[in-house]
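Participant: Heads up: the sequence shown begins at 0 in numbering that gives the first Met the number 0, then just goes up one per residue.
You may find that some hints are simply not true.
What the hints assert, rightly or not - Computed cross-link-like contacts, DSS-like style, restricted to lysine-lysine with a CA-CA straight-line distance of at most 25 Å:
(1) K209 to K84
(2) K81 to K164
(3) K80 to K209
(4) K164 to K233
(5) K189 to K81
(6) K81 to K143
(7) K164 to K189
(8) K164 to K80
(9) K143 to K80
FYI, nobody ran anything at the bench for these hints, they're computed from the structure.
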Amino acid sequence: MTDSIFSPRLSRRKFLGAAAVSAASFAVSACSTVSRSNYVEGGGPVGYAPQASVDPAFGDYAMMYGPLEDEGFQLPAIPIKKMNKRFLRQVVQDPTGERPGTIVVDTTNHFLYLVREGGEAMRYGVGLGRAGFEWSGRAVIQWKRKWPTWTPPDEMIGRQPELQKYSAANGGMQPGLMNPLGARALYIFKDGQDTLYRLHGSPEWFSIGKSVSSGCVRLMNQDIIDLYDRVPNKTPIVVTGSVGGGVV
Numbered sequence: 000m001t002d003s004i005f006s007p008r009l010s011r012r013k014f015l016g017a018a019a020v021s022a023a024s025f026a027v028s029a030c031s032t033v034s035r036s037n038y039v040e041g042g043g044p045v046g047y048a049p050q051a052s053v054d055p056a057f058g059d060y061a062m063m064y065g066p067l068e069d070e071g072f073q074l075p076a077i078p079i080k081k082m083n084k085r086f087l088r089q090v091v092q093d094p095t096g097e098r099p100g101t102i103v104v105d106t107t108n109h110f111l112y113l114v115r116e117g118g119e120a121m122r123y124g125v126g127l128g129r130a131g132f133e134w135s136g137r138a139v140i141q142w143k144r145k146w147p148t149w150t151p152p153d154e155m156i157g158r159q160p161e162l163q164k165y166s167a168a169n170g171g172m173q174p175g176l177m178n179p180l181g182a183r184a185l186y187i188f189k190d191g192q193d194t195l196y197r198l199h200g201s202p203e204w205f206s207i208g209k210s211v212s213s214g215c216v217r218l219m220n221q222d223i224i225d226l227y228d229r230v231p232n233k234t235p236i237v238v239t240g241s242v243g244g245g246v247v
């Protein structure tokens, strides 16, 4: 159900124990990690921030970003008081003009929109790395994975030999709280081909709303879990540097 700011599965996870980690984890080749000390403020204008709509659960951020047990992993609470609230999950007037059910990544303003009925959208803050700016256009979410394995690309291992232990030959980095892909990954394909572009979770909440040294499009783990539960495979996605046509 998409009419609530909370998905039913997310609400239940907060109070119920979860199953063991899924064995069907997929590696990713393009998205990579970033040091906690190696990030910079994103360039560009202050983002478009349409008026939030009325929603029964809107603003209950303590619950939205509280500690969460998920698939056997204990996610810590996000220190929301340290964040700019414009990058927290909220219902807004849709600035994209896309059809309901479409994901829109605004790379200029560091937002991800999931378009809803009635002229609204769910808006999530995102962090972007080099890979997050290298591809734009229309595509689909080909598949999704919970707690995926991460495999650094060969060129990254060449620069950082210490990552050899996470190579494809060695099975990649197993799922966990510090895995660069976080709690979920959504894999983007165009015309049946892998773009190597991902939406994924991250433990680095402080990188949301910023441009970091590497990676694709990262959301806080609580947000990527929420988005994962709202969108099926084959969901259309648009990645663009121009959304809304205005700055406020």
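Participant: Compare the structure with each hint and give your call.
Facilitator: Tested hints:
1. A hinted pair counts as satisfied when its Cα atoms are at most 25 Å apart, and K209 with K84 qualifies at roughly 14 Å.
2. Restraint check: the Cα-Cα separation between K81 and K164 comes to about 34 Å, which exceeds 25 Å; the hinted pair is violated.
3. As the CA atoms of K80 and K209 are separated by approximately 17 Å, the hinted pair is consistent with the 25 Å bound.
4. Annotation: proposed proximity of K164 to K233 is violated, straight-line Cα distance about 33 Å (limit 25 Å).
5. Proposed proximity of K189 and K81 is contradicted: the alpha carbons are some 37 Å apart, above 25 Å.
6. About 30 Å separates the Cα atoms of K81 and K143, which puts this hinted pair outside 25 Å; it is violated.
7. Restraint check for K164 and K189: not satisfied, since their Cα atoms lie roughly 31 Å apart, outside the 25 Å limit.
8. The hinted pair formed by K164 and K80 fails the criterion: a straight-line CA distance of about 37 Å is larger than 25 Å.
9. At most 25 Å may separate the alpha-carbon atoms for a hinted pair to count; K143 and K80 exceed this at roughly 31 Å.
The structure does not agree with the numbered hints 2, 4, 5, 6, 7, 8 and 9 stated previously, though it agrees with the rest.
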